[in-house]
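Student: Sequence:
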Amino acid sequence: SIFVLLTVLLNKSLLTRPVVACTTTLDQPTLAHQIHISPRSYAGSKAASLHWTSERAVSVLLLGLLPAAYLYPGPAMDYSLAAALTLHGHWGLGQVITDYVHGETSVKLANTGLYVLSAVTFAGLCYFNYHDVGICKAVAMLWSL
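Mapping of the sequence shown onto mature numbering (1 follows the signal peptide of the UniProt record, and there is no 0): residues -21 to -1, 1 to 124, in sequence order.
Note that these hints are calculated values from the structure, not bench results. Among the hints, a few may not be true.
[Unchecked claim] So the derived label-pair ranges between C-beta atoms look like this:
hint, residue 1, residue 2, range
1, Tyr106, Tyr51, 21 to 31 Å
2, Ala26, Tyr51, 28 to 38 Å
3, Val80, Thr100, 12 to 22 Å
4, Tyr49, Thr100, 32 to 42 Å
5, His30, His81, 18 to 28 Å
6, Ala26, Tyr49, 27 to 37 Å
We put the beta carbon where it would ideally sit given N, CA and C, even for glycine.
Given the sequences, and given the hints that come with them, work out the whole structure.
Tutor: So, in structure tokens, the structure goes:
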């Protein structure tokens, strides 16, 4: 019944692994439904907490870097922006992969593609900073159009 299902779902020790709940109706025989819940390996993970904190720190850092880049443009700011923007994008797309890509092979391919994309992005931004005008001056030139 629904009360058994709710009791199983609300039982804290079962929230970290798949649960099989049985339901019955008058018209149908007993069916087993598998409910997927977050894996036990991530529950209470110190690494996950540190990663979450790091994501927030990079976001706050970007909030400070953007006005600082306007006020104090230069190579140090250009390379700081390249690193922070690449890391922010890498972690953001990593969450998209976590949420929407399923299957062991697909996840591995998507993560490999993400690492390649992030490396190429960072290398491209560093190349642009070294061989061209840099991120700060390029944005200033775009705004002056």
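Student: If a hint holds in the structure, say so; if it doesn't, say that too.
Tutor: A quick look at each hint next to the structure:
1. Tyr106 / Tyr51: 21 to 31 Å: The hint (21 to 31 Å, Cβ to Cβ) holds, given that Tyr106 and Tyr51 are roughly 22 Å apart.
2. Ala26 / Tyr51: 28 to 38 Å: holds (35 Å)
3. Val80 / Thr100: 12 to 22 Å: holds (19 Å)
4. Tyr49 / Thr100: 32 to 42 Å: About 22 Å separates the Cβ atoms of Tyr49 and Thr100, which means 32 to 42 Å is violated.
5. His30 / His81: 18 to 28 Å: Between His30 and His81, where Cβ atoms are some 21 Å apart, the hint holds.
6. Ala26 / Tyr49: 27 to 37 Å: holds (35 Å)
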